[in-house]
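*Asks:* Spelled out, the chains give:
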Amino acid sequence: VNKMDIPNDVLTDWDIVVIDDEPDSLEIAEIILDAYGANVHAASNGAEGLTMVRQVRPKFVISDISMPILDGWGFIYELKNDRTLMDIPAIALTAHAMVGDRERAIAAGFHNYLTKPLTADTFIQDLLLLLVDIPVLAGELNM
Amino acid sequence: VKRLAMKLLGISSLQRRILLLLAVVLFTTLVIIAITFLTVVSNAERDAWEGRQSEAARNATSQVANFIERMKVELEFIGQLAGDSAEIQSLIDDRIKQNPGLLEIVVVDRSGAILAATYHDEPVLARLLTIRQSNWFQTTTAGNEGTVYLGEVQLSSQNEPYMIMAGPTHFGGAVALRLNLIMLGNVVADIRLGETGTAFVVKSEGSLAADSDPGAVVNYVNLAGRPELEAARQTSKWTGAYTNFRGKQVIGTTNTIPGTDLIVFTEVEESEVYAAGHRALVQLGIMTILFFDGTMVVVTVFLRRLLFNPLERLQSGARAVEKGNLEFQVDIVRQDEIGRLTEAFNAMVRRLKAHDAERDHLIQDLQAAKRLAEDNSRLKSEFLSTMSHELRTPMNAIEGFTGIMLSRMGGVEFNNKAERYITRVNVNSKRLLQLINDFLDLSRVEAGRLELAHQLFSPADLARRWQTEIGVLAEKKNLGFDLTLDPDLPDLIYGDEEAISKVVLNLLGNAIKFTEQGKVSLSLQNDGDQWRIVVSDTGIGIPPHAREYIFEEFRQVDQSSRRKYGGSGLGLAIVQKYARTMGGTVTVQSDLGQGSTFTVFLPLEREHELETLGRVV
Numbered sequence: 001v002n003k004m005d006i007p008n009d010v011l012t013d014w015d016i017v018v019i020d021d022e023p024d025s026l027e028i029a030e031i032i033l034d035a036y037g038a039n040v041h042a043a044s045n046g047a048e049g050l051t052m053v054r055q056v057r058p059k060f061v062i063s064d065i066s067m068p069i070l071d072g073w074g075f076i077y078e079l080k081n082d083r084t085l086m087d088i089p090a091i092a093l094t095a096h097a098m099v100g101d102r103e104r105a106i107a108a109g110f111h112n113y114l115t116k117p118l119t120a121d122t123f124i125q126d127l128l129l130l131l132v133d134i135p136v137l138a139g140e141l142n143m
Numbered sequence: 001v002k003r004l005a006m007k008l009l010g011i012s013s014l015q016r017r018i019l020l021l022l023a024v025v026l027f028t029t030l031v032i033i034a035i036t037f038l039t040v041v042s043n044a045e046r047d048a049w050e051g052r053q054s055e056a057a058r059n060a061t062s063q064v065a066n067f068i069e070r071m072k073v074e075l076e077f078i079g080q081l082a083g084d085s086a087e088i089q090s091l092i093d094d095r096i097k098q099n100p101g102l103l104e105i106v107v108v109d110r111s112g113a114i115l116a117a118t119y120h121d122e123p124v125l126a127r128l129l130t131i132r133q134s135n136w137f138q139t140t141t142a143g144n145e146g147t148v149y150l151g152e153v154q155l156s157s158q159n160e161p162y163m164i165m166a167g168p169t170h171f172g173g174a175v176a177l178r179l180n181l182i183m184l185g186n187v188v189a190d191i192r193l194g195e196t197g198t199a200f201v202v203k204s205e206g207s208l209a210a211d212s213d214p215g216a217v218v219n220y221v222n223l224a225g226r227p228e229l230e231a232a233r234q235t236s237k238w239t240g241a242y243t244n245f246r247g248k249q250v251i252g253t254t255n256t257i258p259g260t261d262l263i264v265f266t267e268v269e270e271s272e273v274y275a276a277g278h279r280a281l282v283q284l285g286i287m288t289i290l291f292f293d294g295t296m297v298v299v300t301v302f303l304r305r306l307l308f309n310p311l312e313r314l315q316s317g318a319r320a321v322e323k324g325n326l327e328f329q330v331d332i333v334r335q336d337e338i339g340r341l342t343e344a345f346n347a348m349v350r351r352l353k354a355h356d357a358e359r360d361h362l363i364q365d366l367q368a369a370k371r372l373a374e375d376n377s378r379l380k381s382e383f384l385s386t387m388s389h390e391l392r393t394p395m396n397a398i399e400g401f402t403g404i405m406l407s408r409m410g411g412v413e414f415n416n417k418a419e420r421y422i423t424r425v426n427v428n429s430k431r432l433l434q435l436i437n438d439f440l441d442l443s444r445v446e447a448g449r450l451e452l453a454h455q456l457f458s459p460a461d462l463a464r465r466w467q468t469e470i471g472v473l474a475e476k477k478n479l480g481f482d483l484t485l486d487p488d489l490p491d492l493i494y495g496d497e498e499a500i501s502k503v504v505l506n507l508l509g510n511a512i513k514f515t516e517q518g519k520v521s522l523s524l525q526n527d528g529d530q531w532r533i534v535v536s537d538t539g540i541g542i543p544p545h546a547r548e549y550i551f552e553e554f555r556q557v558d559q560s561s562r563r564k565y566g567g568s569g570l571g572l573a574i575v576q577k578y579a580r581t582m583g584g585t586v587t588v589q590s591d592l593g594q595g596s597t598f599t600v601f602l603p604l605e606r607e608h609e610l611e612t613l614g615r616v617v
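Chains A and B supply the protein sequences, listed in that same order.
If you read the first sequence in the numbering used here, its first letter stands for residue 1, the second for the next number, and so on.
If you read the second sequence in the numbering used here, its first letter stands for residue 1, the second for the next number, and so on.
In isolation and in its complexed conformation, chain B is listed as follows (with noise of 0.2 Å):
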């Protein structure tokens, strides 16, 4: 997941992880300073809302208290009355024409007769006949002094709501003012507080008593168990937020009109308190998204021309001398780090160019050191090539012409005695060949001209072949000859059968040679990944100062040996270096007057299995 995340996000390159960081820190610190300035705003803003409306609180409450006073004040002045009824009608006909506020007035006396009555729309009270038995008369004659009763919030047969309020007279009697709630709300209404602030007057039981909408009294809304009137009736001034009885989510403040049951509610919707909040809120938004972007962009055309772009300069010179071309430079365009960093660079590629210049010399010199070495080898080889033909043509002639005339062809005669001078030169011939031969084979082993031939061959057939010319050699003197098959060895191995049998014809040769009487035996045995070639004899042996020398050239065991027994001194040295240059060891064992014994180790190559089945099927 981790290393999915580094590869969508680009983490893998410099460039991106920088940006990154960046953009990461950048972010955060904007969002930071965003969020800060946000909540001093909305504080700010909240600070000026509440101030506000507990100032439109404040004004509402007295609007209604004064509406109250003016009320009771009129209740007063009624109640002081004294004289007849006549009096008192014609006075309160005069307040109800004052009074927008009275929708009726009646004046009664301590048993509850009316004395005086008068109205705007219809009689309510006054047609009451029961008036001993209404809540206000009682009330009102209980004997509290100084209380004003309050009634319920009612409807006219207009469908106006009103309420009455009532007092006693100075006589004992009673008077009942009928108020005109919609006077009440034509107050409340008046009242403003930004766009969607209201007030409304609230009885303590519940019931709205003045509202800017009349509709709502006349419906009789009762806020009774609402939460904000719970807490409303708790204290005399409250303030909270909450979803209010027309299902706004609001700010209220509240506050108890003196001297009566009266809630005068101020109230402001919620989303109005935090426009401006809000507002900022999209605002420093969109700000900071483009503060980011712009500073962003900034950070990244700087970051790129003065730390990009020239990395990438310098690694696409890295590229382009990767590949060879040591021409290159790359532009310095500041003398900064990196611009140090890039001459440094270019130094290294001179300094490479120059180290590629001498090595190219170097090479030069080399190649025209081994084309030397190589015409050198090649003459070597042409003149080797050369003497052998040159130095065998002659003594071919010399042993063929010598060979002719001792087997009477071609009809020549002659006496005893130059036959014996004839056969002389003709072994002498003999044996110069055979060294030269023998010093033609060291010389091309020597100078490395000695290519084997790798070829599947049965060296059980080798072996019998070996029989048959050394077998002659052999029955000549009167030994025997044993050969021995080893049944592990395989039936066909790679190598090359003219070096092998120039190898064994050597040992087989000296074998013979220096064996006077027993045998000569050669076995081929299997030795896991080598084969071995054993050739032992019964012969004279060698003296163990000896072994140490008798591979190397023109060495034989003493200068007797060589008048004795003849032979070029080169054989054993022939064996040595083919079977070395073939990937074998000689080693040698002997006991003298006992015998010796030469083991030729040989690299066992086998058959491919393929081929084994292929020859199967």
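Same shape as in the complex, but just chain A (with noise of 0.2 Å):
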């Protein structure tokens, strides 16, 4: 994929929730997936989060790992044991690509994971790499 492919309205009308606690990267996050058509609904910890995804009941969540009062993994514990949110994909955030993440997010529930930086270069590509591979998703895209 190609970002000089990627339409504009790739994501148009999506509800798609971001969770994270630092608010530049949350920002980057919200003006690149806006970018493409997205209405973002962010967060900035896991509690809220949840919240967010029960009032919204986003196509897909995009969580950060390290957040204060309920980090990535206990935010994909709740999700996962709440048979109303648990067909919700998420997709974790880590900050620098460590031995064992993937693995360890896939573990715990997270359908894959994103290394930052979140860049306007390649964040919206990442990101198509992972949704087409989502069969509920992949067939609803503007593409």
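The hints are simulated quantities; they were obtained by calculation from the structure and are not laboratory data.
Possibly wrong hints are sitting among the right ones.
[Said to hold, decoys possible] The calculated SDA-like cross-link candidates involving lysine to any residue, where the alpha carbons are at most 20 Å apart (straight line), are:
id, chain 1, residue 1, chain 2, residue 2
1, B, LYS430, A, ASP126
2, B, LYS476, A, ASP5
3, B, LYS430, A, LEU114
4, B, LYS72, B, ALA117
5, B, LYS430, B, ILE398
6, B, LYS72, B, THR141
7, B, LYS430, A, THR115
8, B, LYS477, A, ASP121
9, B, LYS476, A, ASP121
10, B, LYS430, A, ASP121
11, B, LYS72, B, LYS97
If you're wondering where the values come from, they're calculated on a predicted model, not measured in any experiment.
Now that you have both chains on their own, put them together as the hints suggest.
*Replies:* In structure tokens, the structure reads:
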């Protein structure tokens, strides 16, 4: 997937919840996803994120791991143990690729993971590569 | 067999060995003493018996000889009588009354006619019608002066044994006496020798003439052909051991009565002769065994008290020490060699205890030092982790926002100049982020905090991922990219994909950076118990002098190269450190201006056979 090939409306009208305790990182994600047409709902920790997910029932969730109050592990545990939410795909956001992170994230219930930094160059490509792997979402992409 | 014997006898124990040796020596000594003593005793006993027997034999011989002599005296006395028959008759009537040994007396003339005859029981000689034909008459009248005829042992009609003795008269006739062998039997019956000793008289041709048991004589017992008789006939005096005609094992002595063919046997049963010896043997045997047992008990008790018990205490002490009880001290009972050994043992244990205390102290010190080092290491690790987060977060923000501006997202507007400047900020933030990441990677390896995964992965799939990632960069510079996979390389091997990727992506990144035209090649090869990843390019190459230090941190070929190509100078250091941590090596070959080849050797750990089987099934 080349960035140039990605239409600006690929995520039009998708509700996406992004959870991150770093305001800068959160805002960058919001701006980029917004640029492709998504309705981004931001939360600054896992607890807020859960409330938000229940409220808007997003297409998918992107969650940072290291956060105060309820971290990414706690969030995915709650999400996957709630019958009404367990079908919502979640993608982990890690600070820096560490050995075993991917396995650990998938074992905990995340669909996959993305590595920071989120940049305008690569974020949307990497995200779409993961989304095409999720059958319920792949068909709804505006591509 | 030897081992079995040793096991049964308990030879493996020193105590048993010493006691066994002592027992053997003591027992042998006792047996030798007992045998010597017994020999002396039985020799003395036999000598004593020999003396007694020879005395008894002499006595018996002289008694029998006396009897015969008295009869001879009668014979001669009657033979010298002169006068008429009536005179002779009255004389012989008187003699037969006087001498109970006489049963009958007959006096005949030269022609064999009876001149006078008398008898106690019945007439035997006098009734003979054929006196002339009788042995005694013919022998006596044959003119052999001085010889006395002694006839066979015969029985009267009352079954009383007798023997005829005859001699000449001075007038040319003959006197015959019938001797009462019961009287002779009474004579020998009176002879006593110990409990079983007996005497009897035998004529040299073998017939029994007198015995304490008259029945034997009556039954015509004959010793003819018996070895003791043969031996007795050879010499006038003989002694020997034999089984006698009564079937008894005896020691016998024989004497011939001078002037007759009568042999006196004196016999005593061998069992009586050796009885004392046997009693001595039994008593001595019992005494020997008692003495042996007593001595062994005493020796055992002493050995246990002096040697084995202290040794056992020492042994249990050693066991206790072996089990870690260094407080143990063995009691010292005596100041002998064992006492001194015990003292030395106790001293050794005290010393050991001191050493132990010293060692425990050292261990505590070392543990404290180790804890400190671990704390330091943990602090360093925490520091690294915090630093990586704290450094990256602002850099991520800078790169993120400049990237958004350059992509015109979020509705921002700016002019060309601003775009140029923002681009510089974005590029530099990327460089700085790369430097920070490299630096943190390197620090993590050096702090020993790099934890390697050990998971099955497909090297071919991994290589294709690298191809996707690097292919884009190669395309941008119009470079070719070749991927070669060795068919011998296993489908799945063990390793850490992330760490291997870090090494290979660094090498591939360098190859593209330093190559202006041509191509970059990646090749995966099987190499026995290793596998190789070869990255080659057609770039500028590395001058020989630089090959020595390109793997060091912050070293590039030279300063102009740094300005021209950028980069942190940490890439190859990371490559080498990661490869080494995985148990591998990195080598480089290069021709200046022609290109470079980096080869990474990694240990090859195949999928286990069972897993393969499992998948095939």
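*Asks:* Would you mind marking each hint as holding or not holding in the structure?
*Replies:* Against the structure, the hints:
1. LYS430(B) with ASP126(A): Holds. LYS430(B) to ASP126(A) sits at ~18 Å (cutoff 20 Å).
2. LYS476(B) with ASP5(A): Holds - the C-alpha atoms of ASP5(A) and LYS476(B) are around 17 Å apart, at most 20 Å.
3. LYS430(B) with LEU114(A): Holds - the C-alpha atoms of LEU114(A) and LYS430(B) are around 18 Å apart, at most 20 Å.
4. LYS72(B) with ALA117(B): Cα-Cα ~18 Å, so holds.
5. LYS430(B) with ILE398(B): holds, 9 Å
6. LYS72(B) with THR141(B): holds, 17 Å
7. LYS430(B) with THR115(A): Given pair LYS430(B), THR115(A) holds - Cα atoms ~15 Å apart, limit 20 Å.
8. LYS477(B) with ASP121(A): This hinted pair holds, its Cα atoms lying about 18 Å apart.
9. LYS476(B) with ASP121(A): holds, 15 Å
10. LYS430(B) with ASP121(A): Distance of about 12 Å is within 20 Å: holds.
11. LYS72(B) with LYS97(B): holds, 17 Å
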